[in-house]
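Number of protein chains: 2
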Amino acid sequence: MINLYFGGGWEQRWTKLAAEEAENVASISCSGHGRAFLDSLGAGIGKPICECNACFKGSDCAEFVPDCVVDADSGDPMFLEPFWLKHAASSAVVVPGWHRMSYEFNDCSLISKELKMHIRKLHATVGNANTDGRYMIFGAGATQLLNAAVHSLSSHDDPSSPSRIVASVPYYPVYREQTQFFESNNYKFSGETSMWKDNMDSLSNYIEFVTSPNNPDGQLKKAVLQGPSVKTIHDLAYFWPHFTPIPAPADEDLMVFTISKLTGHAGSRFGWALIKNEAVYQRMLAYMSLSTHGVPRETQLRVLKLLKVVLEEKGREMFEFGYEAMRNRWKKLSKILSISKRFSLQDLEHQNCSFSKIFRAPSPAFAWLKCEKEEDKNCFEVLKTSNIIGREGSLFGAESRFVRLSLVQSQDDFDLLLQRMETLVVLEEK
Amino acid sequence: MINLYFGGGWEQRWTKLAAEEAENVASISCSGHGRAFLDSLGAGIGKPICECNACFKGSDCAEFVPDCVVDADSGDPMFLEPFWLKHAASSAVVVPGWHRMSYEFNDCSLISKELKMHIRKLHATVGNANTDGRYMIFGAGATQLLNAAVHSLSSHDDPSSPSRIVASVPYYPVYREQTQFFESNNYKFSGETSMWKDNMDSLSNYIEFVTSPNNPDGQLKKAVLQGPSVKTIHDLAYFWPHFTPIPAPADEDLMVFTISKLTGHAGSRFGWALIKNEAVYQRMLAYMSLSTHGVPRETQLRVLKLLKVVLEEKGREMFEFGYEAMRNRWKKLSKILSISKRFSLQDLEHQNCSFSKIFRAPSPAFAWLKCEKEEDKNCFEVLKTSNIIGREGSLFGAESRFVRLSLVQSQDDFDLLLQRMETLVVLEEK
Numbered sequence: 021m022i023n024l025y026f027g028g029g030w031e032q033r034w035t036k037l038a039a040e041e042a043e044n045v046a047s048i049s050c051s052g053h054g055r056a057f058l059d060s061l062g063a064g065i066g067k068p069i070c071e072c073n074a075c076f077k078g079s080d081c082a083e084f085v086p087d088c089v090v091d092a093d094s095g096d097p098m099f100l101e102p103f104w105l106k107h108a109a110s111s112a113v114v115v116p117g118w119h120r121m122s123y124e125f126n127d128c129s130l131i132s133k134e135l136k137m138h139i140r141k142l143h144a145t146v147g148n149a150n151t152d153g154r155y156m157i158f159g160a161g162a163t164q165l166l167n168a169a170v171h172s173l174s175s176h177d178d179p180s181s182p183s184r185i186v187a188s189v190p191y192y193p194v195y196r197e198q199t200q201f202f203e204s205n206n207y208k209f210s211g212e213t214s215m216w217k218d219n220m221d222s223l224s225n226y227i228e229f230v231t232s233p234n235n236p237d238g239q240l241k242k243a244v245l246q247g248p249s250v251k252t253i254h255d256l257a258y259f260w261p262h263f264t265p266i267p268a269p270a271d272e273d274l275m276v277f278t279i280s281k282l283t284g285h286a287g288s289r290f291g292w293a294l295i296k297n298e299a300v301y302q303r304m305l306a307y308m309s310l311s312t313h314g315v316p317r318e319t320q321l322r323v324l325k326l327l328k329v330v331l332e333e334k335g336r337e338m339f340e341f342g343y344e345a346m347r348n349r350w351k352k353l354s355k356i357l358s359i360s361k362r363f364s365l366q367d368l369e370h371q372n373c374s375f376s377k378i379f380r381a382p383s384p385a386f387a388w389l390k391c392e393k394e395e396d397k398n399c400f401e402v403l404k405t406s407n408i409i410g411r412e413g414s415l416f417g418a419e420s421r422f423v424r425l426s427l428v429q430s431q432d433d434f435d436l437l438l439q440r441m442e443t444l445v446v447l448e449e450k
Numbered sequence: 021m022i023n024l025y026f027g028g029g030w031e032q033r034w035t036k037l038a039a040e041e042a043e044n045v046a047s048i049s050c051s052g053h054g055r056a057f058l059d060s061l062g063a064g065i066g067k068p069i070c071e072c073n074a075c076f077k078g079s080d081c082a083e084f085v086p087d088c089v090v091d092a093d094s095g096d097p098m099f100l101e102p103f104w105l106k107h108a109a110s111s112a113v114v115v116p117g118w119h120r121m122s123y124e125f126n127d128c129s130l131i132s133k134e135l136k137m138h139i140r141k142l143h144a145t146v147g148n149a150n151t152d153g154r155y156m157i158f159g160a161g162a163t164q165l166l167n168a169a170v171h172s173l174s175s176h177d178d179p180s181s182p183s184r185i186v187a188s189v190p191y192y193p194v195y196r197e198q199t200q201f202f203e204s205n206n207y208k209f210s211g212e213t214s215m216w217k218d219n220m221d222s223l224s225n226y227i228e229f230v231t232s233p234n235n236p237d238g239q240l241k242k243a244v245l246q247g248p249s250v251k252t253i254h255d256l257a258y259f260w261p262h263f264t265p266i267p268a269p270a271d272e273d274l275m276v277f278t279i280s281k282l283t284g285h286a287g288s289r290f291g292w293a294l295i296k297n298e299a300v301y302q303r304m305l306a307y308m309s310l311s312t313h314g315v316p317r318e319t320q321l322r323v324l325k326l327l328k329v330v331l332e333e334k335g336r337e338m339f340e341f342g343y344e345a346m347r348n349r350w351k352k353l354s355k356i357l358s359i360s361k362r363f364s365l366q367d368l369e370h371q372n373c374s375f376s377k378i379f380r381a382p383s384p385a386f387a388w389l390k391c392e393k394e395e396d397k398n399c400f401e402v403l404k405t406s407n408i409i410g411r412e413g414s415l416f417g418a419e420s421r422f423v424r425l426s427l428v429q430s431q432d433d434f435d436l437l438l439q440r441m442e443t444l445v446v447l448e449e450k
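For the protein sequence lines, the chains are A and B, in the order given.
Residue numbers for the first sequence follow the numbering used here, beginning at 21 and rising by one.
Residue numbers for the second sequence follow the numbering used here, beginning at 21 and rising by one.
Hints were generated in silico from the structure; no laboratory data involved.
Mixed in with the good hints there might be a few duds.
Which copy is meant is left open, so a pair is good if it fits within one copy or across any two.
What the hints assert, rightly or not - Taking lysine-lysine pairs in the BS3-like style, the calculated list, with each CA pair at most 25 Å apart, reads:
1) K393 <-> K377
2) K352 <-> K328
3) K241 <-> K67
4) K296 <-> K377
5) K328 <-> K67
6) K67 <-> K141
7) K296 <-> K397
8) K241 <-> K404
9) K136 <-> K67
10) K208 <-> K393
Here the structure is a predicted model, which is why all the values come from computation and not from measurement.
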């Protein structure tokens, strides 16, 4: 396995088959409305087939399905896919068959030091989090880290008094779903933060989720509860220049980030937490070890490669690409809804951004849509009759006259969402 | 991104950088006692450094560390690394920057259909599990699947009567550690299976772990408890021809497998479960969704590639390689210990194997060593004085005069273990 050089050239050896296979699959045309992957069905027999975006079909995804349902439910960050297609050469990675087969890295950890260094560098470059004096752990996206944090911060001494898990409405539904699903002795979901503000039960410990910018409404948030019995988990999944101005670096005790909303690689299931308290860090490490025994080594390798691309030119290119996409989508949707009396959007202010050094227009990941008419009590159903699937307000602890619409999906999905919303608004004038 | 062909040749485009980087790193020599990886420290500045096996040091790992500690604790399956080095070309995979960024596959699942098909094909080829009429889910190694199974099989109705989790001594320590760590309302660890055999509490449900072949002692096992209040989880991590004769396909209600002990890719954190009952399957799906939201797409892609290599020539090559390695190690260790009065090994029988169609010598993954002398009550400490770190028998629910020694590690680790054991046996004769 030694490379041979002929007159300055490079003779490719064992990577050739894999490279050829990848380039062949990438060259399959799916009309811009789908994609063939190395593990698409049919790849086993040498013929991967196109996987079409919603509302497109046919062997090359060229056929539009007129009355299809638009999925604006998922926060699937496909708006960044074009950036990675453009940076094909620098973002590809070859995983050799023998790559890091061991359970552990050779410092006995489950974490790549090289990747940890790049994450610290990224936060320093963007200025969105202070990593000084923080421990770092990796997890399977924010998903796993959120429950690891809840488990680690909760009371283990007194089974009669589980920690109360709270969040401000409207809140990301997974906080409630996860806490209820795992049915632990140590914690229980206890509803809306504001209910407890002047009313804290002296026997209980509280764990408050703070989501900034908030999912679904994009507002920057601070913790509500105070005092020695309160711990906070700062979910900063969207605290990146695509989605929000960065007023100053976050400097909290426990902060959770995810690659899903940074580079768009939701399928990679990679996130990290920055933790000030050593005992909490140790408990989260134990959680990771017994839950999944760490994040796959191929994922850590790939994320490292992606972050190297992000860090080129100090992150300007990806964040500008992301911000432009989000700002344009918000502008277009706002414009259509500005003449509506039936639907309204959340108010978002222009703000200074310490990263881009400009006064910035809003660029949220989601529209938090309200049905204003008295009779439109169930906004989800109103949109559904027009073949738009949003996410029901009630899941966020809010009224059913709210719906979250995702703005981070593929261009196809967004274009169709915009078109359907426009039709709805035009109809209301008649 | 269309490939251009010149006179039958293939012009490489966007995969070139990644391929060159991978081949360069692979060509770094670490004297056969270590390895440089793409994400080794120093890779960021273009100079990855060798990561040395235990007991070797220096920039090229050429220097032996005479009094170092031999780690025979971890079941790190590095004995298969040479197989993958030999199959470099067929097992490498290129992950493009845009590979499967979405949260879900386009059938809305978290699971690659192509990979699922290959896993079914593998079980049919090896004949170690009946997959007919079984649902399949993926998880982060057996680790995540074991707890998902416990959660899904446990009682959710009556918090005063959590399901009792039991296992036969000696048992894999994670069963107890995980069950106790997650402190659920629905289940609790209740010790050794045999304690309950004729003594089942009529108000409780039981979940019995059945490990076959058993970790640590390599014995094939059957469920002990019977009746309508008993559910079983069959941990078949080691039920592959490397480690055991395969008498017949396993045909159980809930079976857990992992790639760690099949191909040796423990760092990939990939496993699967085969599940008969649909309701249990649905609960396990929900667990996966809320725990980690599925297994990384790059891991699924890589595992697919690895299984394609395994399936070449119907799996003969890898399983023969694995069996030869394990059988030789067992033979060597047995020979050394055959003259010892101080140490003994578990008895393992020659058996017919339906896969290899021969009457086979034992080839277990672990030695279950017993210190026979009255005064050697703590066998772990006895070995530790000779710089051998095993895993303490007490962790497996057994007496402290037992220790598990791993036989699946790298050749360096095994050679040193053998040498140290030989020294111990020679000393005892004096």
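Regarding K296 and K397, is the shortest C-alpha distance of 25 Å or less found within a copy, between copies, in both, or in neither? neither (44 Å within a copy, 42 Å between copies)
For K393 vs K377, is the C-alpha pair at or below 25 Å within one copy, between two copies, both, or neither? Cα proximity of K393 and K377: none, with 40 Å in one copy and 75 Å across.
Give the relationship of K241 and K67 under a CA distance limit of 25 Å: within one copy only, between copies only, both, or neither. neither (49 Å within a copy, 43 Å between copies)
My question is about K136 and K67: at a cut-off of 25 Å on alpha-carbon distance, are they close within one copy, between copies, both, or neither? between (38 Å within a copy, 18 Å between copies)
At 25 Å max between alpha carbons, let me know whether K208 reaches K393 within a copy, between copies, both or neither. Neither: 36 Å inside a copy, 52 Å across copies.
With identical chains, the pair K296 and K377 could be close in the same copy or across copies; at 25 Å between alpha carbons, which is it: within, between, both, or neither? Cα proximity of K296 and K377: none, with 29 Å in one copy and 58 Å across.
Checking an output row: K67 and K141, CA cutoff 25 Å. Within, between, both or neither? between (41 Å within a copy, 19 Å between copies)
Intra- versus inter-subunit Cα pairing at 25 Å for K241 with K404: neither (31 Å within a copy, 54 Å between copies)
Since the copies are identical, ignore which copy is meant and state whether K328 and K67 lie within 25 Å (CA to CA) inside a copy, between copies, both or neither. between (32 Å within a copy, 15 Å between copies)
Should K352 paired with K328 be assigned to within, between, both, or neither, using CA atoms and 25 Å as the limit? neither (32 Å within a copy, 47 Å between copies)
The structure fails to meet hints 1, 2, 3, 4, 7, 8 and 10 from the earlier list, while all remaining hints are met.
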